[in-house]
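**Q** Read off the chains here:
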Amino acid sequence: MSVNISTPVRNTSIEKKKKKHRFKPRLLILLIPPLIWLSVFLFTPYVALFLNSFWRVDFGTIVHTFTWDNYIKFFTNDLYYGTLLKTLKIASLVTIFSVLLSYPLAYFINFKVKKNKQLMYTLVIIPLWVSYLVRAYAWKIVLGQDGILNSLLISIGIIDKPLEVFLYSPYAVVIALTHIYTPWVLMSIYTSLEHIPRNLQEASKDLGAGRFRTFFQVILPLSLPGVIAGATFAFVLAMGDFLAPQLLGGTSSMLISNVVYSLFGVANNWPLGSTIGIVTLVLVLLILEVTHRLEKRTSSFENVKEQKGR
Amino acid sequence: MEKTSRFDWISTSLKASAVLIFLFIYLPMIVVVVYSFNGNAVNSFPVLTWSVKWYGVMMNDSALLASLKNSILVAVTGTIIGLFLGIPAAFVVDRFSFPGKTIFERIVLLPMILPGIITGVAMMSVFVMMRVQLSLTTILIGHGTFLIAVVMTQVYARLKRLDRAIEEASMDLGATRLKTFFYVTLPNIKTAVIGATLLSFTLSIDEIAVSYFLTGRELTLPVQIWAMLRRGITPEVNAISTLIFFFSVVMIVIVTRLNREVD
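Top to bottom, those sequences are chains Z and G. No gaps in the numbering here: position 184 of the first sequence is 184 in our numbering, and each next residue is one more. No gaps in the numbering here: position 229 of the second sequence is 1229 in our numbering, and each next residue is one more.
Check each hint, because a few of them may be wrong.
If you anchor each label on the Cβ, the simulated ranges turn out as follows [to be verified]:
| # | chain 1 | residue 1 | chain 2 | residue 2 | range |
| --- | --- | --- | --- | --- | --- |
| 1 | Z | Ile96 | G | Ile1103 | 28 to 36 Å |
| 2 | G | Tyr1026 | Z | Ile96 | 47 to 55 Å |
| 3 | Z | Leu285 | G | Arg1257 | 30 to 38 Å |
| 4 | G | Phe1084 | Z | Phe212 | 50 to 58 Å |
| 5 | Z | Gln217 | G | Thr1137 | 52 to 60 Å |
| 6 | G | Met1059 | Z | Ile72 | 48 to 56 Å |
| 7 | G | Gly1216 | Z | Ile154 | 43 to 51 Å |
| 8 | G | Lys1069 | Z | Val113 | 39 to 47 Å |
Bear in mind the hints are in silico, worked out from the structure with no lab data behind them. Beta carbons: idealized from backbone N, C-alpha and C, even for Gly.
Could you put the whole structure together from the sequences, leaning on the hints where they help?
**A** Below, the structure is given as structure tokens:
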């Protein structure tokens, strides 16, 4: 086997070698343990969820006869599809706010901070590692009846008794979810901004474009893939959240996953819960597929990225 | 003159919004840390008396300590499962094409992408159908499954950048494939493996959506905290949250250091 070490042709030599190694059945043995684990503990559950969604419940026990009832119920009962629509609305709000908050900060750290850039970025990313529960729960202290916001507003004299609207409302859910998912979006936008070569910005300015024009015609379009990836993340995660709504939202701000939660809990209707699970699953996969294509289409910049990455 | 004043306006507003957004990101954490030293049992503002008694209460809460022990047990074992199954999977996916590869890659990633509740209820239905008693083991199976995906993506990303000439050199010099893996490949992806280990551990310690549905009699830390929160706000939660926060900071500092070493 000849080894080609010279760097410029390394890529092509790897390509060739990839082809050579195509059939090595002996090494596929490595794949057997993970494959068994995943088919038993991952593939089977998803299949079971799918099958469950076609069964029905009779006096608290699951009857194993095929029926479309659950799907019909889901798409005709306002309690179910209405909640899904509400969930999509809240997830959209969370996504929009996360992007609006992330972009300026990512831009600032990437283009304006000269010293300690890495430190600033790390500081922004730290919350990602901090317990989800802690971040959701903290808003209870801030927005609660005796919370910081109410006490502050009373002491300034804007209101004279604590307001209940902050907590146990869709607002609280949107604020908390925005807070929880902003670092994800920020990370994604920051990475895409980081990959934009500085000389493009300079070139745009040399050619006479103003700051706004440089931003809207050069920086923003080039960072779009990052924005889309981050927004997708925030949307999908917010859509599936059930803990923050339960902790901070009232009964009126229950999201679709809260319905699943109760169907698998007190309401004890697993087949209907599975149906909603499958609908959510399909929706998530659809969203991912669409945004993945969008991301690809907007990234007109692969080559430069590649070069920078080296 | 006019030009310089406009220039300042843009930069200043950008800076101001950056500071405000930064505050928004940190406000809840600061609040929790401050209130963990609140002497009063009610989280009212402003804090009137200071005390460390909630840390004492926490240290004497046997249910909480037991759940912490359970969480560590699950996280350590889950991480080991993730590493032992995730690294070979990453290796094979990087090196070989086989029938169904794309589907395999997609299914592995599902528990990372899908809302945790879906994976949770799906696994729970199977365990209940097969009459498996929900316990720490079922939680561990849930965690191990998504940690395989975590390790696989982390290690796969590094393997893709690895210069394969060094492996070929090793084999040309007579080393077997296995020897090459342990003496050449593994040391070169070491930081990715350590990073994946720490990430897996942290994710497992924090995981709640899947665990919630797979929990039997023994709870993990987040499920225990969740139960405490459902019963009503207790300042003890602030104390444990503060400790979790500082633990997370230490973890990320280590991971960032590791990543910088590579670049």
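**Q** Each hint needs a verdict: does it hold in this structure or not?
**A** Going down the list of hints, with the structure as the test:
1. Z:Ile96 / G:Ile1103: 28 to 36 Å: holds, 34 Å
2. G:Tyr1026 / Z:Ile96: 47 to 55 Å: violated, 22 Å
3. Z:Leu285 / G:Arg1257: 30 to 38 Å: For G:Arg1257 against Z:Leu285, whose Cβ atoms are near 37 Å apart, the range 30 to 38 Å holds.
4. G:Phe1084 / Z:Phe212: 50 to 58 Å: holds, 54 Å
5. Z:Gln217 / G:Thr1137: 52 to 60 Å: holds, 57 Å
6. G:Met1059 / Z:Ile72: 48 to 56 Å: holds, 54 Å
7. G:Gly1216 / Z:Ile154: 43 to 51 Å: holds, 46 Å
8. G:Lys1069 / Z:Val113: 39 to 47 Å: holds, 42 Å
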